[in-house]
Amino acid sequence: MAAIEILGLEKTYKIGFWRKRPKHALYPLQLTVEDGEIFGFLGPNGAGKTTTLKLLMGLVYPTAGSARILGREWTDPSVKAQIGFLPEQPYFYDYLTAHELLEYYGQLSGVPAKQRKQRVDQVLHQVGLRDVQGLQLRKFSKGMLQRVGIGQAILHDPKLVFLDEPMSGLDPMGRREVRDLMEELKHQGKTVFFSTHILSDAEALCDRVAIIHKGELRGVGRVEDLTSTIQGKVEIIWQGTQVPAAIKAMVAECHVSGDRVRVIVEENQQDMVIDILRRERQRLVAVIPVRTSLEAYFVEKLRRAETTAGSTI
Amino acid sequence: MKHRKKISLIAGACMVLSLVASSIVLHRTDQLRPQATLDEVLFLNSPKVIKRASLGFDGLVACIYWTRAVQYFGSRFRYAEPNYSLLAPLLEITTQLDPHLVVAYDFGSTFLASKQYGAGEPERAIELVNYGIQNNPDNWRLYYDLGFVYYMELKDYKSAAEAFERGSRVPNAHPFVKILAAQMAQHAGEYQTARMLWSATFQTTHDKQIKQSAFEHLRALRVDEDVTHLQDGVTHFGERTGRLPASMAELLAAMGLDRVPVDPDGNPYKLTPEGRVEVRVPDDFAFATKGLPPGYKPPPKAHAQF
Amino acid sequence: MRARIAHIASNTFREAVRDRVLYNLIAFVLLLSGAAVLVGQISIEIEKLVVINLGLTAVSLFGVVIAIFIGIGLVSKEIEKRTLYTVLSRPVRRWEFIIGKFFGLAGTLVVNTFFMAIGVFGALFYVSHKFVRADALILVALYFIILEFIIICSLSLLFSSFSSPLLSAVFAFSLFVIGSFAEDLRNFAGMAHGMSRWLATGAAYVVPNLSAFNIISSIAHEQPVAGQLVLQNTLYALFYASMALSGAVLIFERRDLK
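Protein chains in written order, with the numbering used here: chain D, 1 to 313; chain U, 1001 to 1306; chain B, 2001 to 2258.
Treat the hints with care, as some may be off.
Claimed, not checked - Derived coverage of chain U by chain B (criterion: at least 3 residues anywhere in the stretch with Cβ under 8 Å from a Cβ of chain B; other residues may be distant): (1) 1007-1017; (2) 1024-1032; (3) 1182-1196.
What the hints contain is simulated information worked out from the structure, not anything from laboratory work. Every residue gets a Cβ at the ideal spot worked out from N, C-alpha and C, and that includes glycine.
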């Protein structure tokens, strides 16, 4: 069963006060997220990621289209008990303490009173806020608020978690923790749908990603599939101070530092370069396949979208 | 989608029903508390307190009290035996909140004073209008209102003439006010004043009709004066001899006059057997207050000119 | 459903308390005790009148100001600060949110009025050293004041559901002032003719009729209050609040939370 099926959701805002003109925040979107996967929703700022999430949360109403979440109509109120949501740059009732806030959200989500206390403590521990649970949220830093946000999203043990830019505002330690948490959720069999504009996060975590730009979907697929569509390259490093002429002719540039030489060649030239090095009696240090990064794919997609403006990929 | 539509429908229906229900309740409450807003006039009848309580918005509150006054008068007017006891306080509050609300003085002078159509409290009306004049000395209408209260309700022509005369001196006053002043003065027997006012009108007006009227009034004034003088002679004669003079000649002799006095048209005055001094042609002096046959009614044309 | 509304209401109450809203009570007590001591030096009989008039008027004004200033932010502030996102992504319906907020604010005002009422009775006891039977009328006046708050609460919530706090405050205050003179407005409508009569009558019935709730000056003179009026005012406040809240739900249910 698919966790999320987006069936042509579309949002057009009317902007301008006097002569209203339509602004497409999201063109009809078709997207399926499978059960149990971590799905990355990629795109630069203003691409339509947050709009999509708000549509799915029922905060904004679509101009057309519909969606199914966990097999049910997405407007079905019973769906909401089984999903968690972290908004972008979350902000909470700052007169409450972290503990009170989670308690309140637990009440709203219908967590039974008996389990609530225990569950709140558990989540506070999980997001690393146990020591500051009695502090009013107005005294929290941005990173701490992000943790509270993640805490409230997973509080009621939802089957499906939506995270809007979960890593933003966090230090490297925090990002690491959020990454671990997402993997743990996956491990528990939950589905994670998260949006980000930071590609390395998606690359490290996601089973599949979708790329969105200017309200339009540009590509969906497994990270490996997307990256392997571009020919790979190989990085070859050996000990020495000189570059044999035969190799020099083959590569555009080579870096010499200390007693190491480093060149990057096309995958199909790899054997030839190694043969030459053997013949020249150089000592090979490393041969590393350089997989095209998701970023390269992303940049490529956007570049192509710009040149063939309007055509979908 | 469906869910949202259902909620909207329920909320819409609930809103309409609640509005209807609240209107019905409100209607019934109004019947329960007739004149409820006027009750507070009984409790809060000090304009000073109300002025303080209006927190500086005296103008607005004055308008509200003014509406209440009109409303009160209107609702009482329909009763068989109307009781206007709150009219004076309502108007006093209104005008003290906004002393420049001239319409309130206008209205008050008429309906507060009138015995027939209003509260029949001319003294309070005069008080009200005098307060208005104090605050709006440049508004001729207030003097006019004041004059009318004296004239219509108190028949005090002298005070009326004085009020009209003061009004006529206000810049931009309607010329009519001066005419009224003159007329009142004539009624009051203040011929000097009346002559002066009519002469001024005659000389300053550019309106042909008014000029003509002023001229007619001046003529009538002379008749008034002459007749008064001669009539005094008749009275004097009676006191001395115990009878009426038999003829004009006998009267003139008794008064020490050598000539028969004539009216402005040159016709001599006549003495009736009842001892009344009269003009020969009453229609020529329709504005005269004296010297006309008893029960004389001026022809309609003359009456139309004041 | 009921549990969720109750949770939202109690959280709204908690917000008001933590925002130090009830601090107004201190100002109120100072005002009242100052007045009580002062009028204690004026002539007999009128001191009671002053304390009742001043006390109840202050209760009413303090409450209206609180109702408007909290009410106008109830929805719009939550949208602006995006605190609403994490609430509405839970099994909370939008109408439940509105109703919960309303009860939270109304509860805050009832508690606030309760403490102020204690203050009024305290000041009354200070100046007259005893309570008489007619003093029970003050309770009726306080009840009417609470009904008035309920109407103002629902109206500010209505404005908050579609407008910015500043505009909402302007709207709510204007309606409060107009509502205080609603009877005059209806009288005025009765005098008009034709089209303007219809419009004015319509407006006179849509604006809140607050003048029937103000019985402060008459109870200060120990005028009895008709039982019928108590019943009808109660019904009116409930119907009016229900109308305004339905309007708020209707608007809020359709809004995109950008």
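Compare the structure with the hints numbered earlier in the document and write down the numbers of the violated ones, lowest to highest. 3
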